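**Q** Taken in sequence, the protein lines are chains A and B.
Each residue of the first sequence is one higher than the one before, starting from 1 at the first, in the working numbering.
Each residue of the second sequence is one higher than the one before, starting from 1001 at the first, in the working numbering.
Careful: at least some of the hints might be erroneous.
[As the list claims (entries may be wrong)] Some but not every residue of chain A turned toward chain B, in silico, with C-beta under 7 Å:
| id | residue |
| --- | --- |
| 1 | C7 |
| 2 | E18 |
| 3 | W78 |
| 4 | K107 |
| 5 | K110 |
If you are wondering where the hints come from, they were derived from the structure by calculation, not from laboratory data.
For clarity, every value in this text was computed on a predicted model and none was experimentally measured.
Glycine is no exception: its CB is placed at the ideal position from the N, C-alpha and C atoms.
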Amino acid sequence: MNIKEECFEQIYEIMKMELAQKGEKMPCTKNVFLLYQTSRTYEADYLKIKILNNVEFFQAVYLLLFNRVPDEEAQICWMEKMETLENSEFQKQVLSSVRGSQEYVIKGSKLINYCLAEEDTKDNETKLSRKVRILNRLYPIYARLPEQLKDFMRKHIKKYVGKI
Amino acid sequence: MNIYIDVTNLIQSNFMTGIQRAVSEFTTRLIRNEDINGMQIVLIKCVEFDQFMVLKKDKFYEFYAKEVGDKKSFESDVFIKVDDMCGDSVFLDIDAVWHNVFLRTELYPMLKKRNIKICTYVYDIITITHPYYTSNPNIVTFPAYILATLKYADIIFTSAQFTVEEMEKLAKKVGLVNKRNYKVVPLGGDFKNNSGKTGEIDPRAIQIVEKGKYIFAVSTIEPRKNYEILLDAFDKGLNDLGVQMVIAGRFGWNVEELKERIKNHPEKDKSFFHLEGMNDDTIRYLYENAYMVFFPTFIEGYGLATVEAMQYNVPVALSDIPVMHEVGGDYCDYFDPYNPLEVVEIVRKYLNNPNLYEERKNLLKNYQPYTWDQAEQDIVKAIRTQFSVHNVSVKCRQMVFLTARVDAFFDTLDFIENLMPFIEEIVVCCPEQVKDKFINKGKNRRILITIMTDEEVLAGEKLPDDHQQRNTFLRCKMLMSNRIDDVFIMSDDDYRPMFKMGLDVFFERGKYNAYFFHDLGEWEDGVKEMTSYDRGMVRTNEFLTKNGFYNLQYSSHMPQIIDKGIYKEMLREFPEILDIGVDEWSSYFNYAISKYPSKFRVLPYLTLGWPGHVSDWELKVDNKIYLFENYYENLYAPNEIFENFSEQYNSDIEKENVEKIRVFDEERQEHKNGKIIYENYMRKYNLKYRYAPSFIFEFDEKENRAKFYAPRYIQLGVNSWNKIPVILEGMSSADIKIGWSLSSIKGEEKKPVEICNVDYDRKKVLLAVRTPNEEQNLFFNLFYSINGAKFQVGKTIIAKIVKKNEREKELY
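I would like the entire structure built from these sequences, with the hints used as guidance.
**A** If you want it as structure tokens, here you go:
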């Protein structure tokens, strides 16, 4: 009972034709348009966008994660890299920029299945377990400290333990 | 009847024009007239996908109708999903909902499955037909909204017949052939004084009026409104006629050239004026004193400003386009929006003929705008007419069972006899070999027991081998018998009523209640290993979707009311049901509701003990009321959840059932807590690392290489079952198994606790991870095995097992 993809394709063509009569273009390719229609708002599936070319990837990231087309500033900024950078490097840079933005947080955007691209956190199992053991032993002491000392302890433990 | 209205975009807007005004006018009236209309309004704000906040409608009303209070006061801590909405309700979409997080292409099918009626007010489809007049985000977001409306809406309201025609043209072009129900409800033309007090008239306006005659135009200056033609008309004749030109409105988007032309016009502030930021009283003053008002727009959905202008008894001239004729009728003049000379000619005509001018003004005295009250009542009438409840009743005194289990049936019968007093007869279909046992035990009961044997029912036909198919086959054959009433309750031998009840549980206010518990489209995702039952659900889903029916799951393990006529109709239309072995409950209800929506009410199920164990499958419906128990003997065994409760009926059973529910809910609550913790973890992880945590298993068949991708850590609730999806990447025909374990960080041996077969057609695997009772940190290990080889550890990450308060986050 879902709307067939053909309906979205048709509507894309209708709008494209109307815009062409005024010398204007659609703000995204048909691929990206269709991907948008079948995705949740503010959510991008990395497995689906990683196969796009640079231009489409750029459009898709903005539409899917921010629900808008890239502004002119962003277009200009990324135009050269779109043409010169190889696919995976371009994607990495765009996603790094987008993920680092306040807009990603404010809009509650979600990049899913991205762990595929994350660096292999190849098992620091021994390191992990030692760190965790230390933390577990320190916790009962920590729990009894006043707030200021808790802050102090957290800062210093984080330096030693780092991110888990 | 509940009317749900999503006002997300209205309350997020800082201005009050066009759509915002219409939504405010409609909604405040619907709230004010709730009792008169007999329609309870539920205002909601979309928070995220399938999550709405219920707003305080009294505060909403105060703010929008009386300009008291602020928007923050609307908020509440009550949240609902689609599954929580009342069965007999209407979802009225009148806001600019294409901006919403919850796309209508997702929301509307969910509402349709619940048989909740969808009414949408479409203001225009200019974004599709004239996309060059729309901003870019709308070009991408609007199509989903309009296609969903065309496909799913039960009533489409529009302000003009023109929009109806445009929508039908579009539907034909995109291939949406379903019949649609339109109702034209013009927007109201009675405007209140929004400022609430008499404001000052801007001195510039007073100067203009004192200077002499002027042509007036009001709106945001954007390409669609075609202000160029007015400037052209002014330059090509109006100025020579001694008529001033006044344009009131802020600059919109994409009008840089026009902006320059206006700013640099040689007659600017002499005989040509552009006014911005005027208050309502100034605008009113300018309307009242204008010689003529012009609307040269290229395209409109309605033209509310036209209606506004006509009320000031000032001659109005409109673009010669169909929708303007619909709004202006014979009260207005019309001109070609591409020909400025026609504008000049209209003005010249009236200047040269004052009598004609007075005639036009007199005609306008008869103009009665459509009011907002009328518009609201039109909507209410349309909803009432379309979805009225028929005052019918049914006679239902029979239950029908398919069973071979004598003891189980009679144990359940004790509950039915005492707690369902309206049941007078039970028809049992059983194998020939147990017929006598049923007859003997069935003597001297309050309820008459009628026996039919499988052999009688089959009349020589062979039973299928598969359990699911067998059940469906027998039940369908049974229904052909004259011994089955026209309306009956279908049940199984382990569905026990828990409290005394009447027929209103099954048939209420003229409608059959249909109790669902899941969605067949999502069922396969939630099961680990497929049983005969699950395969039946997959077949049912395929059958329903292939034939264009909705696909909620109605095998809710509780008795349900069946209309025999509709069931037989389904079997006539789809005789293959007997061969393919679909679920007899889901096929019937989805078929029946699609064909006879006005006869059914779709409600969340009422069953305790389905699932028997929270880990059996992923819950979709959070049912809060239990009237039936799906009896599982093993739940009453020592150390199980109901070990101290009676298995047989007794006079205190209702009291016991209250306690049973409490115990069951407690266990469910821990599972729910686990879900909350997992969802919070996902949210926080995304916030911290800027991507959502996910698990992926990738297998490269060529290189025979497998790999797990996982987040840096996972957080789970204590003593809970967590369904963790693992996405499958790559393709393979190899025999692959994946497994998981939770192991101590002290370094115990790792081996998989649970193993799942990987089926690449299903695209993901669900790991049912059970956590221990105490808060602690463990290793979460993921394993894989290819073609029967020994299991290898694919990935190990930290698993933080926490209670709902999550104290660990302080340290990490």
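**Q** Now, for every hint given, state plainly whether the structure supports it.
**A** Hint check:
Interface hint at A:C7: satisfied, since its Cβ lies 4 Å from the closest Cβ of chain B, which is below the 7 Å cut-off. The beta carbon of A:E18 is positioned within 7 Å of a beta carbon in chain B (closest approach about 5 Å), and the interface hint is therefore held. For the restraint placing A:W78 at the interface with chain B, the shortest Cβ-Cβ distance is roughly 17 Å, beyond the 7 Å limit, so the hint is violated. Of the supplied interface hints, the one on A:K107 is violated, with its beta-carbon coming no nearer than about 9 Å to a beta-carbon of chain B, more than 7 Å.
Hint status for A:K110 relative to chain B: holds, with the closest Cβ pair at about 5 Å, below 7 Å.
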